[in-house]
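Colleague: Here is what each chain is made of, one letter per residue.
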Amino acid sequence: MDHDLAKNIKIKIQIEDFDVSTETKILQYKKTGAIVNFIGVVRDHDERTSQLINSMTLEHYPGMTELEIEKIVLKSIQKWELTGVTVIHRIGKLLVSDQIVFVGVSSMHRQNAFDACNFIMDWLKTQAPFWKVEENDNQKKWVEFRQSDEDAIKKWKK
Amino acid sequence: MDHDLAKNIKIKIQIEDFDVSTETKILQYKKTGAIVNFIGVVRDHDERTSQLINSMTLEHYPGMTELEIEKIVLKSIQKWELTGVTVIHRIGKLLVSDQIVFVGVSSMHRQNAFDACNFIMDWLKTQAPFWKVEENDNQKKWVEFRQSDEDAIKKWKK
Amino acid sequence: MQIKYFSWIKEHIGKSEEEINLPHNVSTIEELMFYLENLNDKYKRAFEKKDLIKIAINKSYSSIDDKINNTDEIAFFPPVTGG
Amino acid sequence: MQIKYFSWIKEHIGKSEEEINLPHNVSTIEELMFYLENLNDKYKRAFEKKDLIKIAINKSYSSIDDKINNTDEIAFFPPVTGG
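Chains Z, V, R and Y, in that order, give the protein sequences. If you read the first sequence in the numbering used here, its first letter stands for residue 1, the second for the next number, and so on. If you read the second sequence in the numbering used here, its first letter stands for residue 1001, the second for the next number, and so on. If you read the third sequence in the numbering used here, its first letter stands for residue 2001, the second for the next number, and so on. If you read the fourth sequence in the numbering used here, its first letter stands for residue 3001, the second for the next number, and so on.
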């Protein structure tokens, strides 16, 4: 691994919101020509049942979460030439439209940034120990995992 | 085309900078679960010659630029289920580290957002009539087109 | 041995973690799950859908056959749903 | 007919646009390019690398064989380098 790049990795699990502009600026180094950001937001409904929701609460496994995300980020910088990587994942109670996760990747060339960001999201979805519970006025319901997320990681195993 | 989505398309050619957070918020609708942003920035060197640069100036073909970007965006919303698309391209003189282009795509599902954003960037790179001239203390030099950009669009023709 | 539970497994069992002394006949994850689900109905229900249970030993993904010892931190949780 | 030039084509010719009356023997883009490059050395140099010249008729990509008429807006430019 490029020594400089190691300094350009930021992984945060936090309750607070993040600012996409600020995070984009942090990813920008002299050689950076392209930045790709992924932002996940709380939808107003459950994907499986279409039932409307008011909020969701995210719990995680402190310690293991950071280790798993670090593993994924290290894999991505071995696979693609990148100039910076940031992963921020929020925990606690979030309302509809709130930002959940930020994955930002910068590189000299755009396709590396697109692929690395996509790769990190796919692996984060299946490996990082977070769990969502969706809430509305009447009930709370743990979100079920999606087979499509398991399937998504197959494209990186070719 | 979904009537609502037509209202959620924003295409701007402008001298002014853009704010990534603001643009990300604009892309967020009730059904949005995923947003993918691409931000192109001015590198400190010419890609082909590695020569350092101070600035670049972008010119374009007013009228045709907007039409070409609109065609690309319309193709993307026919291909993928999206909730919003924004393309902002700056023109005029830009310094090293300045933001050049913003392509933001929101959708219910992340893979659609990744693919549509990647698709729009690849087509914009080969179709939208912009030209860059790179400047340093001694000279100005029109950027040459890259064969790799022509090759990149082949992945959407399969 | 420290054991942690997350999501609906935690809710079925009614606690997020506990300290146990590893019984002498328990040396793998599979044996630990068998031991726990026979403690009472809460555990039985928590471990009912074994296909859906992920295991970590010392914060690293592990499988049902993996060996464990009394100083390990074990975690049981459903498939992850973050991002 | 309105003709627009961009990037290094504009710089070789020394202007970004001009109004011309389409000569009688010019009815395609190819014939227009041949007509222009024979005006003087500036145009000759601008149209030297024909493989590298993109054409638009009325702000839409066109090819060298396309028919043109006196009310069209024609543009000549190098491969694009934005983004």
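Treat the hints as calculated values from the structure; they're not laboratory data. Don't take each hint at face value.
Under the rule of at most 30 angstroms between Cα atoms (straight-line distance), these lysine-lysine pairs were calculated in the DSBU-like manner [what the hints assert, rightly or not]:
no.	chain 1	residue 1	chain 2	residue 2
1	Y	LYS3042	V	LYS1141
2	Y	LYS3015	V	LYS1075
3	V	LYS1154	Z	LYS157
4	Z	LYS155	R	LYS2050
5	R	LYS2042	Z	LYS140
6	V	LYS1157	Z	LYS158
7	V	LYS1071	Y	LYS3067
8	Z	LYS12	R	LYS2015
9	Z	LYS30	V	LYS1093
10	Z	LYS157	Z	LYS93
11	Z	LYS141	R	LYS2044
12	V	LYS1154	Y	LYS3049
13	Z	LYS140	R	LYS2059
14	V	LYS1071	Y	LYS3059
15	V	LYS1140	Y	LYS3015
16	V	LYS1010	V	LYS1155
17	V	LYS1025	Z	LYS30
18	V	LYS1157	Y	LYS3054
19	Y	LYS3015	V	LYS1155
20	R	LYS2054	Z	LYS71
21	R	LYS2059	Z	LYS79
22	Z	LYS75	R	LYS2044
23	Y	LYS3067	V	LYS1140
24	V	LYS1007	Z	LYS157
25	R	LYS2042	Z	LYS155
26	V	LYS1093	V	LYS1157
27	Z	LYS141	R	LYS2010
Colleague: Hint by hint, note whether the structure agrees.
Modeller: Here is what the structure says about each hint:
no. : hint                  : result
1   : LYS3042/Y / LYS1141/V : holds, 19 angstroms
2   : LYS3015/Y / LYS1075/V : violated, 35 angstroms
3   : LYS1154/V / LYS157/Z  : holds, 22 angstroms
4   : LYS155/Z / LYS2050/R  : holds, 27 angstroms
5   : LYS2042/R / LYS140/Z  : holds, 19 angstroms
6   : LYS1157/V / LYS158/Z  : holds, 21 angstroms
7   : LYS1071/V / LYS3067/Y : holds, 23 angstroms
8   : LYS12/Z / LYS2015/R   : holds, 26 angstroms
9   : LYS30/Z / LYS1093/V   : holds, 18 angstroms
10  : LYS157/Z / LYS93/Z    : violated, 35 angstroms
11  : LYS141/Z / LYS2044/R  : holds, 21 angstroms
12  : LYS1154/V / LYS3049/Y : holds, 25 angstroms
13  : LYS140/Z / LYS2059/R  : holds, 27 angstroms
14  : LYS1071/V / LYS3059/Y : holds, 12 angstroms
15  : LYS1140/V / LYS3015/Y : holds, 18 angstroms
16  : LYS1010/V / LYS1155/V : holds, 25 angstroms
17  : LYS1025/V / LYS30/Z   : holds, 27 angstroms
18  : LYS1157/V / LYS3054/Y : holds, 21 angstroms
19  : LYS3015/Y / LYS1155/V : violated, 38 angstroms
20  : LYS2054/R / LYS71/Z   : holds, 18 angstroms
21  : LYS2059/R / LYS79/Z   : holds, 25 angstroms
22  : LYS75/Z / LYS2044/R   : violated, 38 angstroms
23  : LYS3067/Y / LYS1140/V : violated, 36 angstroms
24  : LYS1007/V / LYS157/Z  : violated, 39 angstroms
25  : LYS2042/R / LYS155/Z  : violated, 39 angstroms
26  : LYS1093/V / LYS1157/V : violated, 34 angstroms
27  : LYS141/Z / LYS2010/R  : holds, 14 angstroms
Hint check: violations occur at hints 2, 10, 19, 22, 23, 24, 25, 26; the rest are consistent with the structure.
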